[in-house]
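Trainee: The listed protein sequences correspond, in order, to chains R and Z. The opening residue of the first sequence carries number 1 in our numbering; numbering runs sequentially from there. The opening residue of the second sequence carries number 1 in our numbering; numbering runs sequentially from there.
Source of the hints: derived by calculation from the structure; they are not laboratory data. Don't take each hint at face value.
[Said to hold, decoys possible] No farther apart than 30 Å at their CA atoms in a straight line, the calculated lysine-lysine pairs in the DSSO-like style are these:
id	chain 1	residue 1	chain 2	residue 2
1	Z	110	Z	95
2	Z	59	R	80
3	Z	80	R	59
4	Z	59	Z	29
5	Z	80	R	205
6	Z	29	Z	227
7	Z	29	Z	80
8	R	59	Z	59
9	Z	110	Z	59
10	R	205	R	168
11	Z	168	Z	110
12	Z	158	Z	95
13	Z	29	Z	110
14	R	80	Z	95
15	R	168	R	80
[Unchecked claim] Derived contacts from chain R toward chain Z, CB cut-off under 8 Å, selection only:
id	residue
16	37
17	72
18	106
19	110
20	296
21	304
22	359
23	363
Glycine included, each C-beta is placed from N, C-alpha and C at the ideal position.
Protein chains: 2
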Amino acid sequence: MLTAEIIAVGSELLTPFRTDTNSLWLTDKLNGVGIEVKLKTIVGDDDARLEETIRDALKRSGVVVLTGGLGPTEDDITRKIAARALGRRLSLDEKVLEEIRAKFLHWGRKMPEINARQAMVVEGAEVLPNPNGTAPGMYVEHDSRVVVLLPGPPREMKPMFESHVLAKLSERAGQVRVARRVLRVAGMGESAVDERIAPVYTQYKNPQTTILFNNTEIEIHLTAQGKTEQEAELLLDGLAGQIEERLGDAIFAFRGETMEEVVGLRLAVGGFTLAVAESCTGGLVAHRLTEIPGSSNYFMEGVVTYSNEAKTRLVGVPAELIERHGAVSAEVAEAMAEGVKRRAATDFGLSVTGVAGPGGGTIEKPVGLVYISLADDAHTEHRRLMLPGDRHLIRWRASQAALDLLRRRLI
Amino acid sequence: MLTAEIIAVGSELLTPFRTDTNSLWLTDKLNGVGIEVKLKTIVGDDDARLEETIRDALKRSGVVVLTGGLGPTEDDITRKIAARALGRRLSLDEKVLEEIRAKFLHWGRKMPEINARQAMVVEGAEVLPNPNGTAPGMYVEHDSRVVVLLPGPPREMKPMFESHVLAKLSERAGQVRVARRVLRVAGMGESAVDERIAPVYTQYKNPQTTILFNNTEIEIHLTAQGKTEQEAELLLDGLAGQIEERLGDAIFAFRGETMEEVVGLRLAVGGFTLAVAESCTGGLVAHRLTEIPGSSNYFMEGVVTYSNEAKTRLVGVPAELIERHGAVSAEVAEAMAEGVKRRAATDFGLSVTGVAGPGGGTIEKPVGLVYISLADDAHTEHRRLMLPGDRHLIRWRASQAALDLLRRRLI
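Make the full structure from the sequences, and use the hints.
Mentor: Laid out in C-alpha cells, this is it:
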C-alpha cells in the first residue's frame, strides 16, 4: 500500500489555541484512494526543522503533503525550504506572477510587491491553480516520491487538492479503493455494543471495524478495501447487515446522520408535527431540531419551562401535580408532553424534566435524574433515566434520549 | 529558552476520526513554565517509525513528551521503543507490578496476565504513579535531555503531568514565568479590531498579541513573560488596559469567559430575571443561558415560537401585526420581547426573529436578516442585523448579538 505523511507548517499551530484540522480531511481523502497516512508532523516557521522534517519524510513515505506556509511574508518558508530539501532551484515564474497580478487587478487593487514571492516555483514542479486565493500549490515528482505543497486555509486547500491532486495520487495508488460507513447507536453502552457485535466484526480483516465513543454517542466505523468502489461498498453492505441483525433499532443512522436529521426526516416523511416542552435541557432539544433546514415544516413550537409557574401557565401542568410529585417526576413529564401537544395542536408532544446539576440534587432526586415523555393522540409514555456526567453532558444525553424516544415511535 | 516536542503515539490518531487533543493542553502547560514547543508528531503503533521519531526529537529538543501507547496490549509499544531509542534496558519492576495487582484486587478482579507488561520500566526512569488507571508514567533524564512517558487518556495524563512532571520541568526551565489572558470581543469585525489595536500591541514584543477569529468570535490572546508570575501579570494588565481604552464595551470578557457567563453573572448580581422568545434561533439563546449552573435563579422561561400562530398564542403578538409587517420585522421582534416579558413577569424580555436559511429568503427579506429586541419596564429597543454564513452560523451569531444587546443594557 502506498504510504503518505502530512506536514502542517506554521508557528500558530504550535500554540495551545490552534489545532491542525486540515490533516483529518486529507487523511480521509488519502485513505479513500487507498493511501495510508503513517505520520503527521506539525512544525513552526523554522527553516532548519522544516528542512529536516521534509528530508526525513522523503526517506520513509511515497507521498509527502505539506500544508501552510505559502503566504507572501518572510514567515512563509514552505516554498524555499521544500526546494532546499529536494535539492532543486526555486525561481520566479513569470506566468504565475502575471496570474497573481491579474487577480489583484480583478479585485481593483495593485499587487503588493511582497506577493511576488508567491510566484516562486520549485524547479520541475507542476503549478496548481488556486481559485480562492493568491498562493498557487505545487506538485513535484521526485525520484519515486511525490511532494505536494498546499496552502493552509481550508477553503483554498480543499478545492485545490480535490481538483488537481487527488486523481493523480489515486492513479499512483493503483487498484485499491476504500469505502467507509459510519453507524451511530443510541441507548446502549460502549461495552454492551462491543459484546454484541465483536463476534461478528472480529471475523473480518476487511472491512475493518472501529468502535468510537465520543462521550455522548457510540459510532461504529467500517472501512473496506476493494478493487472497485462497488466491491468495497458490497463488503460494507454485508458487514453492516450483520451488525444490524445484532443491534436492531439501537442503530439510528447508517450513513453518519445525526439524531436530529433522522427524526426530522421521519417527521417530514410522515407529515407529522411536533411541539417540545423542556425544563433541564433548557432549549437544547428545540435547538437541535431546528438546526435542520426545513424544520419549520414539522417543528411548531418549543417552551422552556424553567420555573414551576411557567410549567403551569405555558403547558397547563396543574400546580398541585408539581407540589405532590415534584417538578422532576414522571407525572410532570407526562403532563408537560400532553400539555404542549394540546396547546400547540400537534401530532406529538415531547418533554424533558430533570436535575442537570451541579446543584439542586437530593437523595431522592440526585443530579442526573431525568424524565422524558412522549405524547400522541393515542397514548403517553415516559422513561426514567439516570445520566452520568457533568451539567453539559447530562443535558446533551437527556436531549438525545428524548429525540430517540420519538425516533422509536416513528419507526 | 528550553524547547520541547510532543509525540502522540497511536494508530487511531492517524485515522480521519481522531485528533490529538492532549498536545494542546500540554503546550499550554509547557508554555506556562516558559518552555516553548517546537514540533509535534503523531505516529502510529509502528516500531521503526516511533524509534526514529524519538531519536530525532532527542537531537533537537531539551524535553520530549510522549503520550499514549502505555496500555497492556501488543500494540502498546511506547515503553519498549523509548528504551530502545535511549539505549537503555527495559525490565520488570516488581514493586510496580505489585501496585498494579493491588489495583485490580481493589476493583475486585484478578490482574489479567497481560497487564504485567505495564510494570516494565525503562532503566533509570522515575516511575510516575497513575491514580486513574493502571499504566504508570516515566520520567527519564538522559544526558542533558528529559524524556517523559505519559498515558494517552486525558483523565490519566493530565493529573499525572500536573502532579509529577510540571514542577520538575519548571525548575529546569529556570526563571521564566509565562502568563496569559484572553480578551473576547463582540459586535466588531476582525479587521476593525486589528485596525484599532494594532498601533498599541505592535509596540510590544512582550506581551505578545495574537488575534484569533474562530468564525463566530474574535479573541485577543496576550502572552507575557516575566521573572515572576506577578511581573508577567503586571505586563498583561498594562497592555490589556490600553486595549480596553481602544475597544471599550466591545470587550465582553477579560479572562476568556463566555458571553452567557458574563450575562448570567450580571443578571445574578443585579437580581434581575429574564424570559426569552425565539424564532430563527430555535432555542439556542435559552440553551446557552441555561448551560450556566445556577441559571434557574434568573432565567425564568423561554418560548420557541416557530409558527406564526405560536407567536400570537404564546407571547401575544397580534396576528395583524405579523400580517402587516411579516414575522421577520422590527415590529414583531419588539412585540415578542414585550410579550414574553409581560407574560413571564420578568425584568427583561429578549427576542430574536429572522431568516436562517438556506430556504425562505426573499429579495426584501434575504437569508441572514435578523431582528433582535430587548424590553424592560422603561423601554423596548431593537437591532436589525444582516448576518453572513450558513444556517448554523447565522443562528449562532444571532444568539450572540441578542445576548450582547442584553449585556450592554446591564452595564
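Trainee: Hint by hint, where does the structure go against what was stated? Just the numbers, ascending.
Mentor: Violated hints: 9, 11, 13, 14, 17, 18, 19, 23; rest satisfied.
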